[in-house]
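Novice: Please build the complete structure, drawing on both the sequences and the hints.
So the protein sequences, as listed, match chains A and B.
The first sequence runs contiguously to residue 246 in the working numbering.
The second sequence runs contiguously to residue 246 in the working numbering.
For the record, the hints were derived by calculation from the structure and aren't laboratory data.
Cβ coordinates follow ideal geometry from the N, Cα and C atoms, glycine included.
Here are some, though not all, of the chain A residues that point toward chain B, as calculated from beta-carbon distances under 8 Å: (1) ARG58; (2) PHE61; (3) ALA65; (4) ILE66; (5) THR69; (6) ALA72; (7) PHE76; (8) ASN83; (9) THR88; (10) TYR143.
If you want the building blocks of each chain, they are given just below.
Number of protein chains: 2
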Amino acid sequence: MSIIRKTYNYFYSPDRVFVRRLLNLVGFIPVNLQIFKLAFAHKSSTSDKAYAMQNNERLEFLGDAILGTIVAEYLFQKYPSENEGFLTKMRSKIVKRKSLNKIGEKMGLDLLLSEYNQTRLSKSMLGNAVEALVGAVYLEKGYKPTKKFVIKKILRNYVDVHELENYDDNYKSQLLEWCQKHGQTISYKLLARYKFEKRDRFKVAVIIDGKKVAVADDFNKKSAEQTASEKAMHTLGIMEPEIEQD
Amino acid sequence: MSIIRKTYNYFYSPDRVFVRRLLNLVGFIPVNLQIFKLAFAHKSSTSDKAYAMQNNERLEFLGDAILGTIVAEYLFQKYPSENEGFLTKMRSKIVKRKSLNKIGEKMGLDLLLSEYNQTRLSKSMLGNAVEALVGAVYLEKGYKPTKKFVIKKILRNYVDVHELENYDDNYKSQLLEWCQKHGQTISYKLLARYKFEKRDRFKVAVIIDGKKVAVADDFNKKSAEQTASEKAMHTLGIMEPEIEQD
Numbered sequence: 001m002s003i004i005r006k007t008y009n010y011f012y013s014p015d016r017v018f019v020r021r022l023l024n025l026v027g028f029i030p031v032n033l034q035i036f037k038l039a040f041a042h043k044s045s046t047s048d049k050a051y052a053m054q055n056n057e058r059l060e061f062l063g064d065a066i067l068g069t070i071v072a073e074y075l076f077q078k079y080p081s082e083n084e085g086f087l088t089k090m091r092s093k094i095v096k097r098k099s100l101n102k103i104g105e106k107m108g109l110d111l112l113l114s115e116y117n118q119t120r121l122s123k124s125m126l127g128n129a130v131e132a133l134v135g136a137v138y139l140e141k142g143y144k145p146t147k148k149f150v151i152k153k154i155l156r157n158y159v160d161v162h163e164l165e166n167y168d169d170n171y172k173s174q175l176l177e178w179c180q181k182h183g184q185t186i187s188y189k190l191l192a193r194y195k196f197e198k199r200d201r202f203k204v205a206v207i208i209d210g211k212k213v214a215v216a217d218d219f220n221k222k223s224a225e226q227t228a229s230e231k232a233m234h235t236l237g238i239m240e241p242e243i244e245q246d
Numbered sequence: 001m002s003i004i005r006k007t008y009n010y011f012y013s014p015d016r017v018f019v020r021r022l023l024n025l026v027g028f029i030p031v032n033l034q035i036f037k038l039a040f041a042h043k044s045s046t047s048d049k050a051y052a053m054q055n056n057e058r059l060e061f062l063g064d065a066i067l068g069t070i071v072a073e074y075l076f077q078k079y080p081s082e083n084e085g086f087l088t089k090m091r092s093k094i095v096k097r098k099s100l101n102k103i104g105e106k107m108g109l110d111l112l113l114s115e116y117n118q119t120r121l122s123k124s125m126l127g128n129a130v131e132a133l134v135g136a137v138y139l140e141k142g143y144k145p146t147k148k149f150v151i152k153k154i155l156r157n158y159v160d161v162h163e164l165e166n167y168d169d170n171y172k173s174q175l176l177e178w179c180q181k182h183g184q185t186i187s188y189k190l191l192a193r194y195k196f197e198k199r200d201r202f203k204v205a206v207i208i209d210g211k212k213v214a215v216a217d218d219f220n221k222k223s224a225e226q227t228a229s230e231k232a233m234h235t236l237g238i239m240e241p242e243i244e245q246d
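Specialist: Shown next, in the form of structure tokens:
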């Protein structure tokens with residue numbers, strides 16, 4: 001039965017273009033095409049938002065959990081002597097919104113998304129579709145094949161784990177490097193120190209070539225300097241700002 | 001081989017008390033006892049904190065992800081017409097620290113923890129041990145049996161999903177109810193409204209029988225009132241404060 005259904009899906013279905021694209025993407029022909037179509041249906045495209053089953057948000061919820069677990073296990077096995085802090089940090093580098101959006105883009109999910117949605121594509125729709133697709137694969141195949149799919153088709157193709165290990169999210173040192181390269185002076189100035197909910201809070205500015213480029217607040221000076229440096233990098237166009245959910 | 005090992009573990013192992021307790025807890029005799037012992041070893045009890053493999057934090061990292069996924073799938077299947085927001089909320093009610101600590105207590109994990117640790121038990125050690133135990137079951141058995149274990153031995157025994165559906169985390173209405181029952185007057189007073197990081201922030205007090213019982217800040221008045229009500233419930237001893245990681 002399922003082979004007949006698959007053959008039909010492949011050769012005779014009106015969805016044969018979709019099926020071929022899916023085959024490329026996930027490595028098998030799904031029996032339940034409906035779930036995979038749902039994975040690419042953004043909520044803005046469903047006529048009635050009350051029908052939870054008509055968009056990919058539920059699949060995204062499921063896929064987000066499954067993807068997180070597969071990545072957790074992958075790192076757990078790959079780094080047998082690293083502690084929980086390292087594993088948590090590595091995982092968040094892989095599954096954070098910005099990374100998933102990039103993965104979705106590299107997987108070419110924009111093609112499928114634009115077919116199933118009338119709205120303009122946003123970057124976060126790509127990352128959400130990655131999660132929803134993982135959810136759909138899980139419902140179709142179960143945990144082990146989904147693990148294989150995620151590791152072979154996503155992690156190995158689009159995630160450079162070793163690069164992530166060394167990935168520098170120290171914005172202060174990145175900004176310093178940039179200033180040195182461009183012959184600009186850089187300094188940090190404490191603008192204010194005040195109490196907030198009984199805790200000390202610090203307001204810090206980054207001064208580049210005598211000009212106040214960015215300001216940030218935090219509960220310690222170092223974190224405020226980091227955030228201010230990150231903001232300065234956006235202002236100076238050195239780094240694109242992280243795009244959050246829309 | 002594994003049957004011989006299991007028989008040995010059950011009848012002849014010096015750990016037979018531990019093995020019997022585990023059998024009660026997880027429903028099978030583990031081949032790899034070492035992993036299960038690790039699940040109950042808190043980091044404070046390991047002589048050298050640098051050895052990540054000597055305490056349960058890595059297992060906790062893995063188990064936390066797996067438990068989250070199993071609960072996500074369980075809710076996804078149980079509530080086919082609820083949206084992502086409902087599922088997310090329900091899941092966090094089940095897997096939040098406070099619930100896991102209670103589950104660990106009901107499972108009797110304190111017995112096993114006190115055997116493997118010299119330090120005084122804290123509530124959060126119980127919740128962490130639940131996660132680490134799920135991680136150990138996963139490493140021993142794989143995903144499907146772990147799902148069965150979590151649903152049969154944890155969710156069905158210790159989580160009342162329907163009660164959680166109706167569980168009221170509206171502290172304001174709970175406090176109001178308490179005041180009415182105890183014949184006390186209650187009112188909220190806006191103490192201050194100020195700017196914080198360019199956003200309005202509200203400082204609110206709960207006044208019970210003319211006395212300021214608790215104060216809270218938030219970016220909107222309603223949330224500040226909720227938080228202040230929660231604090232007031234702790235102060236008045238109506239509700240135990242949520243215990244976070246220690």
